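Engineer: Sequence:
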Amino acid sequence: MMDTRPDRKSRLFSREEIETLIASGRHVIIVNNKVLKVDAWLPYHPGGDKALKHMVGRDATDEVQRFHSEETQAFMDRYQIGTIEGQWINFLPPIQGGKFRTEEELNNSSTLLQPACPSDQDASSTQTSAASSPIFEPADKSTYSIRKRSARDAIGASSASSVSSVSLDDVPISPKMSLMDARTQSEIDLDKSRYPSLDPETQANIVRKYRELEQRIEAAGLYQCRYSSYAIEGVRYVLFFTLFLVFLKWGWYMSSAFFLGLLWHQLSFTVHDAGHMGITHDFTKDTVIGMLIADFIGGLSVLWWKYNHNVHHIVTNSPEHDPDIEHMPFFAISHRFFENLFSSYYEFIMTYDAFAKFMIRYQNYLYYIILCFGRFNLYRLGWQYLLLGQGPKKGPAWWHRYFEIVGQVFFWTWYGYGVIYKSVPGGWNRFLYIMISHVVTMPLHVQITLSHFAMSTADLGTTESFPQKMLRTTMDVDCPEWLDWFHGGLQFQAIHHLFPRIPRHNLRRTQQLVREFCEEVDIPYCTYGFVEGNKVVIGKLGDVARQAAILAECQRIIAEGDFGMH
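Everything in the sequence shown is counted per my numbering, starting at 527 for the first residue and increasing by one.
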């Protein structure tokens, strides 16, 4: 007898039904108009559970397609529970503070709980600021004039550092709005005036053009890895490794340390490629390549990096959610870090305490000095991830943790014991060897922070499309082609954020296509020279440092003044 029961996957869900599912604790995402309930996959997801949680209640089509192979996307269909009709309007995910109504609350017309759809609540990044702050009304559609800009205007306009030129005197401050909230609103208004409208029609057009761009890129073969380029990289790696060993044998310890650091610096780019499946395009093969290089040769955890990096790619430059800009108490690239923000990634409050207040006031002077010690912090984060078992314990990545621990033991055996203890004589020489080999990798940390520290940290709400947000929060570095080896693909971070799985040796060829896309949809494509970009970053850090000094002075006056009360 034929089964006449309706197909579970064909059920049509209303917006309210999905809201009640999320209110009951379910993790529901939308992909290609398919409703996926991914609760069962959370502990298995190789990229970590938080990346999925930031997509709950949202249309995750572009994020899923950019980060996963076709085979993985087909695998996701097993979690489909139905479909939707029409264009989906995103909810604010629970991990970001979204509130959802249960079925009972939906049926109760007197409920005071508002839905987590795009609204005044999440129209800006002020949702986690002081409770007394007002809710900002979204600007009129007419205020989002889409203007043609010169290339130089586009570059300058898209840098959040330009907010420093906006006087808070020009921002209307209500009695309930704090100075910091006014600053936040000025940054939001600045971005809204310089980027396309956030209305659904405009953003849908951007998404449509973005997907057409992806088809052009695939047709041009830009997803195919150029293994001949890796052959050249391999020659460079062998050269640095040989010089490291030769100088070590000759007793030229500082020269040996220099070339070991240079090898680590260059190998990091291949680890980045492997982490995005940009080499073989096979998850297991690329992960093994990444672990062999990162753990066994470099002493770093590629699994921690992937867990961190996947979240960074989804919530780029969000002070509350992006771990790549959460460097308290040493750096703050937004005044919002003065508010003791809760990090959804680290799951603790980033306290703006006395030490942080001191460091932030001088961060533009300490920037390069602190980055010299960046690799030591990566050791700490990697070991914390591995020892606490923060990664997937089930699924295809269950064994990666143990393989990495073996790699860590191997690294500290050959580097810590074989090189530092057995091959370098004397405590002072050993100290210098360690410091030089690590400080030489400092440019990598400059390259990583350069692409985002100068860009916007404003939250324009849930209606902003994935491509617009990536281009608004990321910039590229303009460098000559012969210097590409030094930057290792990190000079094309805006392009990389749009298409993470494109092999780095194809990013330059992709650049012209992205430029044309940006011109077509009127989104600024930001590029700075390496030196100019560093100046902008230092300027941004200095601007936030000045805000910290002003805030501290205001607090001092309030604390010490009697205001005529005596």
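Where hints are given, some of them may not hold.
[Unchecked claim] With a straight-line Cα cutoff of 27 Å, these simulated BS3-like cross-link-like pairs (lysine-lysine) come out: (1) K560 with K579; (2) K995 with K579; (3) K1061 with K560; (4) K775 with K811; (5) K563 with K883; (6) K579 with K919; (7) K560 with K718.
These are computed hints drawn from the structure, not numbers from a lab.
Just so we're clear, the structure is a prediction, and the values are computed from it rather than from any experiment.
Engineer: Going through the earlier hints one by one, which of them does the structure break, listed in rising order?
Structural biologist: When the structure is compared with the hints, numbers 3, 4, 5 and 7 turn out to be violated.
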